[in-house]
Amino acid sequence: MNASTTATPSAAPSTPAISVSGLVKTFGRTRALDGLDLEVATGEVHGFLGPNGAGKSTTLRILLGLLRADTGTARLLGADPWHDAVALHRRLAYVPGDVELWPNLTGGEAIDLLARLRGGIDAGKRAELIERFDLDPTKKGRSYSKGNRQKVAIIAALASDAELLLLDEPTSGLDPLMEVVFQDVILQAKAQGRTVLLSSHILSQVEKLCDRVSIVRLGRTVQSGTLGEMRHLTRTTIEAETDGPPTGLEELPGVHNLRTDGDRVHFAVDGAHLGAAVRHLSGIGVRSLVSHPPTLEELMLRHYGDELSELGHTTSGAPSGTTADASAGASADAAAAEGSAR
Amino acid sequence: MSTVTETAPRTGAVPDRSGTAGHPLAGTGALFRFALRRDRVRLPAWVLATLLFTLASVNKATQMAPDDPQKRADMVKTLSGPAMLAMTGPEHYLSQLTPASALSLMMLGYGAILTGLMSVLTVVRHTRADEESNIAELVRSGVVGRHATLTSALAVAASANVLLGLLLAAALPGAGLEGATTGGALLYGAAHTVIGLVFAGVAAVTVQLSAHTRAASGMALAVLGASYGLRAAGDVGTEAVSWVSPIGWIQRSYPFVDDRWWPLLPALALALVAAAAGYALSTRRDVGAGILPPRLGRPSATEALTNPVGFAVRLHRGLFLGFCAGLLLLGAMYGSILGDVDDMLKDLDDVREALAKAGGTLVESFASTVMLVVAVVAALFVVMAALRPRSEETAGRVEPLLATGLSRSRWLGSHLVAALGGGTLVLALGALALGLTGAASAGDGGLVAELLGAGLAYAPALWVTGGFAVLLFGWAPRATALAWAVPAYGFVVGYLGKLLDLPGWLNDLSPFGHVPQLPASDMRWTPMVLLTLVAAALIACGVAGFRRRDLDAK
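Here the protein sequences come in this chain order: A and B. The numbering of the first sequence is full-length UniProt numbering, which starts it at 1 and goes up by one. The numbering of the second sequence is full-length UniProt numbering, which starts it at 1 and goes up by one.
In case anyone wonders, no lab produced these hints; they're calculated from the structure. Among these hints, one or two may not hold up.
Claimed, not checked - Below, simulated DMTMM-like cross-link-like pairs (lysine to aspartate or glutamate); rule was C-alpha separation at most 25 Å, straight line:
id, chain 1, residue 1, chain 2, residue 2
1, A, Lys-140, B, Asp-340
2, B, Lys-60, B, Asp-39
3, A, Lys-139, B, Glu-132
4, A, Lys-146, B, Glu-393
5, B, Lys-357, B, Asp-340
6, A, Lys-146, B, Glu-91
7, A, Lys-125, B, Glu-303
8, B, Lys-554, B, Glu-393
9, B, Lys-554, A, Asp-175
10, A, Lys-140, B, Glu-392
11, A, Lys-139, B, Asp-552
12, A, Lys-140, B, Asp-74
13, B, Lys-554, A, Asp-122
14, A, Lys-146, B, Glu-132
15, A, Lys-139, B, Glu-392
16, A, Lys-125, A, Asp-84
17, A, Lys-140, B, Glu-137
18, A, Lys-146, B, Asp-67
19, B, Lys-60, B, Asp-342
20, B, Lys-554, A, Asp-84
21, A, Lys-125, A, Glu-163
22, A, Lys-139, B, Glu-303
23, A, Lys-139, B, Glu-393
24, A, Lys-140, B, Asp-342
25, A, Lys-146, A, Asp-84
26, B, Lys-554, A, Glu-128
27, B, Lys-77, B, Asp-67
28, A, Lys-146, B, Glu-137
29, A, Lys-140, A, Glu-128
30, B, Lys-357, B, Asp-508
31, A, Lys-140, A, Glu-163
32, B, Lys-554, A, Asp-98
33, B, Lys-357, A, Asp-84
34, A, Lys-140, A, Glu-179
35, A, Lys-140, B, Glu-303
36, B, Lys-71, B, Asp-501
37, A, Lys-139, B, Asp-286
38, A, Lys-146, B, Asp-343
Computed from a prediction, not measured in an experiment: that's the story for all the values here.
Next comes chain B alone, as it looks inside the complex (with noise of 0.2 Å):
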């Protein structure tokens, strides 16, 4: 009888009998197999998104090499101007301007940044998520090496970035995109490949600096964010910078124009490098635990801290300044080529078309419809900000807090304070961004006042989608999800209602749709007022709700 064999607890990850229980690398395989099924969902999503993002901009890549050599010509001239290149990439691909160099050019940074997100949020979702919420160490207590987490994360992050890989290299010969070899699509498939290696390298060291996820990813984003900005920087100002960035790399490999392997060597290099580094600061901690120390803060609240919208300011500033930080960018983008519209849009007629409803010169009009952009940007800011008190309520922190003093309309309208508020100047931000910049391009400084002007127009909309965000949290608590509907209908009816010709009760149902579209149109102070009032309704309205309703417990 071979019962005491028979009974031991059969581990089909990590077999006894192979002799390598004490492997670092033990119950890898097990844990890789256990990624994969977690990621099932999540992978598969991530790498389709990329791949039909590419393949979606086969069209426009196609319109911008045209056949006509005038035309090409003209092309060329505007995709060289520095706000174009800050966007896509190395001016060298327009040496050579195909429908398959234009994707590269326009695609290869974009690309970058989506493998670059894809590999990151994947390994820090297997490493250092899983030590804060303490499933780690339940998973090390077994037969696991020390090695085998990080081992089984970099490997779940490798297969995808190199299935992403052949995806690409399979489909770009295929999908009707001229000038796209074989080779030239294999060498843009492994640049996607290995630009996502080094990202996930780059979160192997940050999972081991920081105890916490957040912090973790939040480093290395900081990097992909910094190598996209030095890219940007160099591709405008002086190349050499560019080669600080491993985007910059991979972009210089040149595909479909080159066609030049050996700019991936030093990415891969990297890759190698921050992977090693991972795991040798992954021997110097212990679990759960970060290389750096935690950031400790205060011992004690401020006065500022203990005032309740004080308070609620507090909680709502790392989106306020992101947001921010984005509406800058976004303004600053768009205002950059404020100046090139007419030339931009010369051959795009039913855009043309389109702007022209809304009156004004072209600018105007462009403006406009940038600034709609803008509004609808910042109304998600407001939407979040409107719907943290109920984030807030379903995570069981507010019980303490209204058990105290504090009444509940204060509470709700300390918020609304940093909700309303805070939209509005994220708004304007954006709104005097595009102004400044657009004023740069077109050479008109009257635009700075009268874009900003036009922004803040959008102020009584932005107050209605929070006003709306709050009744539902005050009535119906669990529906609050619809509050996003608002800026979602508002900018397809508002963005492509013009190009759709859509009837105009559509637009009416936006309250985004009654805003005068300034600088194109005239000013109308009617429609903001009873903006405004309306706003104010759906704010009493909802509060008055949460004034009698019961509290949801965690």
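Chain A on its own, in the form it takes in the complex (with noise of 0.2 Å):
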């Protein structure tokens, strides 16, 4: 599929694909949903971000018409996702995170039956899925691995004509092969100009496919925006070598970190103060300078990094731009993810 269009297919439509506001949602005595809120544009992929238990499921149940909000307002493609649910269900696919099939049934009939049942299937797109997926369609639910039943999830939804895709971790199980495989047919959807909500923590995934993000923690929409709109709002870690000491630094406002070492410096500094911070150091004199945006990591640490020092990791708020540094945050971030599951 060669992407002829125009960056954003259908630019205008005056509705959103999704718009939700103020949802709460109360278990018992947890309170999963805290007044999220959250709009898709028409047209754009959007990532769901948030550890486990952070609603993402929840909110996804609510606009499906499985379960009921406490309070607040949901709009699926202009309508009411608990009244007009059927009606809705003709025109989205979901991929639930947690795929379980009918034992007895086989992947193809568990695919035939879902995608028939929301209203037909392409035959040609079935079988290109399946072959691109390398899924056997002949053996029965009972003898899946986890994975394969995602892919008979993943085929269903996607070999249909919905406009809107609703998916809910749709890869924990694949292997990195189908990842590429999953990222290529979802470009491929959001070309044809369907919209996609994205629920996942797979970070690289969601840098790759996403338009716009929304992070969710606690049940509330804590950041929502374009990355770029993000980075901008956080830090960018720069490493130099100046020809003179890089001295006068520490006098700038919103640098953080400074760390010095002979002509050799590393600090991060906030997006409002990156002009000023590099005017200084091209006083100095460069020899060399890498910069570093915020990876994807480091825009959740910030929301989560209460949890994390109460499991008692450090984190100075510094985004650091080694790949050492970003795979520790890569493995913080699953602690914060099991932080805010307990």
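With the hints as a guide, dock the two chains, each given alone in a separate frame, to form the complex.
Shown next as structure tokens:
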């Protein structure tokens, strides 16, 4: 599929595909959603980020009319997800995070069942997806691994002509090769102008696929926007080698975690003060300069930092850009996910 | 300092120093103890239940061999009828009818089924079930030999069977059973042990064959069922057929009659050969895989499957066919003795009195009581099927379905069609089997239609049972187990109520209590119409509740 289309195929449909505000849902004493907001524009791939237990699945279930919200409003494709559930379901496709299949039905039967109950399946597309995802459709549900069960749900969802895809951690059981196929297929769907809400905690996946992301925490949206916007709000890491001793940086506003080692300097700077810091460095004379925008991990860590310190991890809040640090950030992120799931 | 050896992980199970780590049986002891711990409730329960089941039959066995020679001769005549022999054992037991030999005749076959079930389930649980759930992979990655798992599973099953045999041998002589000699009791217990070992061996083979727990236990249980069927056929017809069945062998040890031990030998040999075959097969397959290739299915769905009702029917099919077979058997069993009811009940005055309350002739009142049993069994199907939506929901399989164009009421409705329609068919089939065999044994062709009608009269009560399950599903999904109360209560009050002289209002609480007891009583249409209306109201209310509640996530 070569995208000869303009950047945003249908840029100005007036109603957003998903519009949620102030959503509250309690289960007994647990407050799963605590005033969650979410806005997904038609035609975009929207990342829905947060650790387990943040309320992502609950939000999706409300959008599917499987749960009823206590308060707040939710509109899906301009209709009410609870009252117009069946009519809406014909226009959307859903992939649950934990796909359970019928033990004595084959994968192929399950694909057809789910797709036809939605309103039909494109046989050619079905065959193509089965081929690409390397699924054996003649095996019984009980003999599929988690990844294969997910493939069944993904194929059933993508072989349809649904205009909205709701995907709840759809690739948590897929191997890296299949992950690549998945990303490819989602980009294809996007090129066709479909809207995708992708709940995930695989940040690299979100970075690759999503136009905009919303980060949820404890049932609330803590941040929403494009990755670029979010990065602007956070710190950039600078590593530089200068002609002379890099003095005076500590007096600049917005500079954090300054480390100097001879002519080498390493620091983080708030987005608003990046220009001043760079000007200061060029005054001294720059021999080499590396700047790292904050990774999604670091964006996430900003919101989950307090939980990490509860767990005994130290987060300076200073994003550092080296690969070693980034992977440390990723594992800390996993720890954050666990922390909030407790 | 011996720090090196001290810090080495201590595998209490397989001490390295003994040099057995590379042995195919390494770790068997630890696995055996672990398996016993996992089964610490289940196996004692099986053993005790089988023991108590036997002891509880002592009374019945004593009644079957009355002191009075004339009565005893009559009883021999009754018991030697083909229908009775099919349900018990070889006729030779009747050549010396004593309470003890009556017990052997009556209970050895059932005991074989119970011990066979226990052995199959135990072996499968500790071998194939663990492999399917990937526990085995973890275990086998430790210092555990290739044959350790199977050996410990067989050892657990063997221990339970030996324990049961010893308990039976110890308990029977003191149980007040006339003619129960110590030697006979020892043989009686040993017969149980040996038949249990046979089916443990059978399971050792079937768990190698299929990669799936259900298929593995299904195959072994099919062998058990076939063994019982063959012995039944042989005991009624040509005795040679019984000699094909291991259950036939152990029954021919004739405890308390001839007390001969040698028929246990071929059974023991079979157990050993089967177990050896299990070991041999296990070396020819991978962990987690089966010898038989997995059965593949259709790569795409038929039109029928993707229709909600067709899909529900597919999900209920296995259970439905099982109940059909069960009720055919149950109906035929009771039907085949319908002609002898007068003879059989001659001396049981209290039963005759109880039956007489229903009115009609003895045959009719007996048939109407049997019909209640048939209806209650059909109601068990209805409850299981009507609760299927709940298990689909908690298993997380409904969510993707209801995220399609399928509405909640249509989804639930299609399951109800399968539950109520299937239940009605099961009921009709049981009644038909009772009618056909009853007509044959009583020599009265009119019974076919009469009994079919009597069975169908229970259909509205089944629908109420299903409706109650749906009501719970809609409004109190966590309490759906309460739905079992309806058939349970219906059976207790309807079946025992007549014997115990319970007040009538207790019977009125059960939907089964309002059904006219055909053919003994006359047909009354009002309760049938009312029951149908109640069922409709319950269903409507349950569906409405389901439409407005949250779906439970997995």
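Does the structure break any of the earlier hints, and which numbers would those be?
-> Those not satisfied are hints 1, 2, 6, 11, 12, 13, 16, 18, 24, 25, 26, 31, 33, 36 and 38.
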